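Read top to bottom, the protein sequences are chains A and B. All the letters of the first sequence, read from the start, carry residue numbers 1 to 365 under this note's numbering. All the letters of the second sequence, read from the start, carry residue numbers 1 to 228 under this note's numbering.
Since the hints were made in silico from the structure, they are not lab data. Check before you lean on any hint, since a few could be wrong.
Restricting the straight-line Cα-Cα distance to at most 25 Å, the calculated cross-link-like pairs of lysine to aspartate or glutamate (DMTMM-like) are [said to hold, decoys possible]:
{"#": "1", "chain 1": "B", "residue 1": "LYS153", "chain 2": "A", "residue 2": "ASP173"}
{"#": "2", "chain 1": "A", "residue 1": "LYS257", "chain 2": "B", "residue 2": "GLU181"}
{"#": "3", "chain 1": "A", "residue 1": "LYS257", "chain 2": "B", "residue 2": "ASP195"}
{"#": "4", "chain 1": "A", "residue 1": "LYS308", "chain 2": "B", "residue 2": "ASP13"}
{"#": "5", "chain 1": "B", "residue 1": "LYS153", "chain 2": "B", "residue 2": "ASP90"}
{"#": "6", "chain 1": "A", "residue 1": "LYS257", "chain 2": "A", "residue 2": "GLU295"}
{"#": "7", "chain 1": "A", "residue 1": "LYS257", "chain 2": "B", "residue 2": "ASP157"}
{"#": "8", "chain 1": "A", "residue 1": "LYS308", "chain 2": "A", "residue 2": "ASP268"}
{"#": "9", "chain 1": "B", "residue 1": "LYS153", "chain 2": "B", "residue 2": "GLU61"}
{"#": "10", "chain 1": "B", "residue 1": "LYS153", "chain 2": "A", "residue 2": "GLU295"}
{"#": "11", "chain 1": "B", "residue 1": "LYS153", "chain 2": "A", "residue 2": "ASP253"}
{"#": "12", "chain 1": "A", "residue 1": "LYS257", "chain 2": "B", "residue 2": "ASP24"}
{"#": "13", "chain 1": "B", "residue 1": "LYS153", "chain 2": "A", "residue 2": "ASP84"}
{"#": "14", "chain 1": "A", "residue 1": "LYS257", "chain 2": "B", "residue 2": "ASP185"}
{"#": "15", "chain 1": "A", "residue 1": "LYS257", "chain 2": "A", "residue 2": "ASP268"}
{"#": "16", "chain 1": "A", "residue 1": "LYS257", "chain 2": "B", "residue 2": "GLU61"}
{"#": "17", "chain 1": "A", "residue 1": "LYS257", "chain 2": "B", "residue 2": "ASP90"}
Being a predicted model, the structure only gives us computed values, none of them experimental.
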Amino acid sequence: MSVYVTRSGHHLPGPAVDNERIEEVLGRVNGKPSRLKARILKANGIRRRHYAIDAEHRTTIGNAEMAARAGEQCLAAAGLGRRDLGLLSVATSQGDLVLPGFGSQVQAALGLGDVELHTSHGICSSSMMALKTAFLSLAAGEHRRALVVASELASRLFKASRFEAAGAEPDFDAEFLRWMLSDGAGALLLEAAPRGRCLRIDWIRGYSHADAYPLCMSVGQAPDGRTWQDFATYAEAEAAGALLLRQDVRLLDNIVKLGVDGLLRLIDEGRVAVDEVDHLLCHYSSHHFRGRIAEMLTQAGAMIPEEKWYTNLYERGNTGCASLFIMLDEFLRTREPRPGERILCMVPESGRFNTAYMQLTVVDA
Amino acid sequence: MQETLITTAAGQDCLQGLMRVWFDFERQLGRLPLIQRLDRGELSLAEYRTLLLNLRQQVIEGARWISRCASSFDRHHADLRSVVIQHARDEHRDYELLEADYVAAGGDLAEIQAAPRNIGSEALHAFMMHRAGQPNPIDLVGAMWIIEGLGQKMAGDWAARVEAATGGDGGYTRFMRYHGENDDDHLATLYGLIDRVCQAPEAPQAILRTARVVARLYALQLEEVPCD
Chain A
1 MSVYVTRSGH HLPGPAVDNE RIEEVLGRVN GKPSRLKARI LKANGIRRRH YAIDAEHRTT
61 IGNAEMAARA GEQCLAAAGL GRRDLGLLSV ATSQGDLVLP GFGSQVQAAL GLGDVELHTS
121 HGICSSSMMA LKTAFLSLAA GEHRRALVVA SELASRLFKA SRFEAAGAEP DFDAEFLRWM
181 LSDGAGALLL EAAPRGRCLR IDWIRGYSHA DAYPLCMSVG QAPDGRTWQD FATYAEAEAA
241 GALLLRQDVR LLDNIVKLGV DGLLRLIDEG RVAVDEVDHL LCHYSSHHFR GRIAEMLTQA
301 GAMIPEEKWY TNLYERGNTG CASLFIMLDE FLRTREPRPG ERILCMVPES GRFNTAYMQL
361 TVVDA
Chain B
1 MQETLITTAA GQDCLQGLMR VWFDFERQLG RLPLIQRLDR GELSLAEYRT LLLNLRQQVI
61 EGARWISRCA SSFDRHHADL RSVVIQHARD EHRDYELLEA DYVAAGGDLA EIQAAPRNIG
121 SEALHAFMMH RAGQPNPIDL VGAMWIIEGL GQKMAGDWAA RVEAATGGDG GYTRFMRYHG
181 ENDDDHLATL YGLIDRVCQA PEAPQAILRT ARVVARLYAL QLEEVPCD
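Please model the complete structure; the sequences and the hints are all you need to start from.
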């Protein structure tokens, strides 16, 4: 049975924040401007982003609430009610609560009755895992309609006070993502029948390499190796730096190779023909990686011409697992792809190296 | 931006296969305790010496199989023979650099020179010498792909990690770094070879198979390096 992405939605909180204003919102650690900010922003190329916290560090909208707004946009666009859904499948890297699963909070915020629920937890690729669960549920005939929502509220991790609580001046690995990640939610409505001009999901496939690579992006581990729950109190864990979001930048280049590796596998399996791809939506975290991926694809003879690449990273920010949905939503609203066109989506995640891919074909009902 | 250096469709398919074999090889390496220690910055100087000691035999034998490989090409493959001879000439004494690094890292020259091949080196050497003795062993392009790739990885990644972990200043990582210096030339040569040999229809499969075997045996060689 075919499955279609029939509508999409997004929510980006508050006004866009440009590079000059980031520190006004996130704060200056120990009152001093960051020495790394300009360098990291230059490499990632991001010019604007949104935050769900204000300059006083009050949360202006919760993660579940953002997810609900993106989801509501989908339902409204389709003219569907809350009783029309069989499955709610959501993803985030960090819910507002540690427990229960983020999905429960999103369901409550949306006021959805009697749905089957799935929560996918991880970093950037968690949205693709949530999407795959919904895709398979519909393909198997379990449900007729599913709402898939990915939402991130990373800015709370980046308040200056968090770094101050962890003691010494933040190191490069701890500060790297502070100038990279921001907040937002994206949602997709999946249906077992097409609705007007929409996208058929041809396949979704992931390859995870956690067995062969060290941890690259994480929250919860102190530099001495202890995890946050190993400390006597959470205050001690925070003081030891276990609650900072860290990126081991030395390992980051592996994501380029693994991203290309997955694509070459898909070519080998006959799932992807590069000359038949009309649009590439690749969630690269930083402009720096766009060039590296293009270089390696060119080397492999599997390059998709740059004019076919679409992203809104530079204007909407890197919203982790929500990025691809927010990107797809804006792509559909602004580019109006034609029936028969193929869209290849790619989400290489550096957490512990999981890469996910999806192919969509534009169809008319 | 880097241009593709491969010009034929068969060569391109073969290169894609070789890249996948390489990525898989890197994952095999990433599962080894020794490499994990290197990646985490925990390698001790003693472990580095043990690594060099275990690499030495294969480096010496490497010069032999590539020379033998050259002599196995007939006159229809004289252009290939020239390339392989040049390669053999470039690298046939690089083990001396490795031995000097071992001594600079606090090791005893007599000890490294007396060390036997480990089980993985034994298997790798036997396979390479066997293939190199076959008529026109074009599949050894696959072996060169893995070994050249590893040279680049050592130069671009391992040498710096060894130094960071052991507090070195470059004085005992010259062998690893040496392989970075001629990178571009060797890589361009290798791309040229892939295009050339893939003119034969059976070549890509043979090259990929040999690349897979060499990757597996090289990983076995590193697996056999004792690690505390």
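Pair hint LYS257 (chain A) and GLU61 (chain B), alpha-carbon separation not exceeding 25 Å: violated, 30 Å
Take the C-alpha atoms of LYS153 (chain B) and ASP84 (chain A), compute the straight-line distance between them, and say whether it is at most 25 Å. violated, 54 Å
Within a Cα-Cα threshold of 25 Å, do LYS153 (chain B) and GLU61 (chain B) meet the stated pairing? With Cα atoms ~20 Å apart, LYS153 (chain B) and GLU61 (chain B) stay inside 25 Å; holds.
Check whether the Cα positions of LYS257 (chain A) and ASP268 (chain A) lie no farther apart than 25 Å. Cα-Cα ~16 Å, so holds.
Would the pair LYS257 (chain A) and ASP157 (chain B) pass a check requiring their Cα atoms to be no farther apart than 25 Å? holds, 15 Å
For a C-alpha distance cap of 25 Å, please report whether LYS257 (chain A) and ASP90 (chain B) respect it. violated, 29 Å
For the pair supplied as a hint, LYS153 (chain B) and ASP253 (chain A), is the alpha-carbon distance within the 25 Å limit? holds, 12 Å
Holds or violated: are the alpha carbons of LYS257 (chain A) and ASP185 (chain B) at most 25 Å from each other? holds, 22 Å
Can the restraint linking LYS153 (chain B) and ASP90 (chain B) be considered satisfied, given a maximum Cα separation of 25 Å? Status holds; Cα separation ~19 Å.
Do the alpha carbons of LYS308 (chain A) and ASP13 (chain B) lie within 25 Å of each other, as the hint requires? Given pair LYS308 (chain A), ASP13 (chain B) holds - Cα atoms ~23 Å apart, limit 25 Å.
Hinted pair LYS308 (chain A) and ASP268 (chain A), Cα distance within 25 Å: holds, 22 Å
For the pair we were handed, LYS153 (chain B) and GLU295 (chain A), check the Cα-Cα distance against 25 Å. The hint holds at about 18 Å.
Against the hints set out earlier in the document, violations occur for numbers 13, 16, 17.
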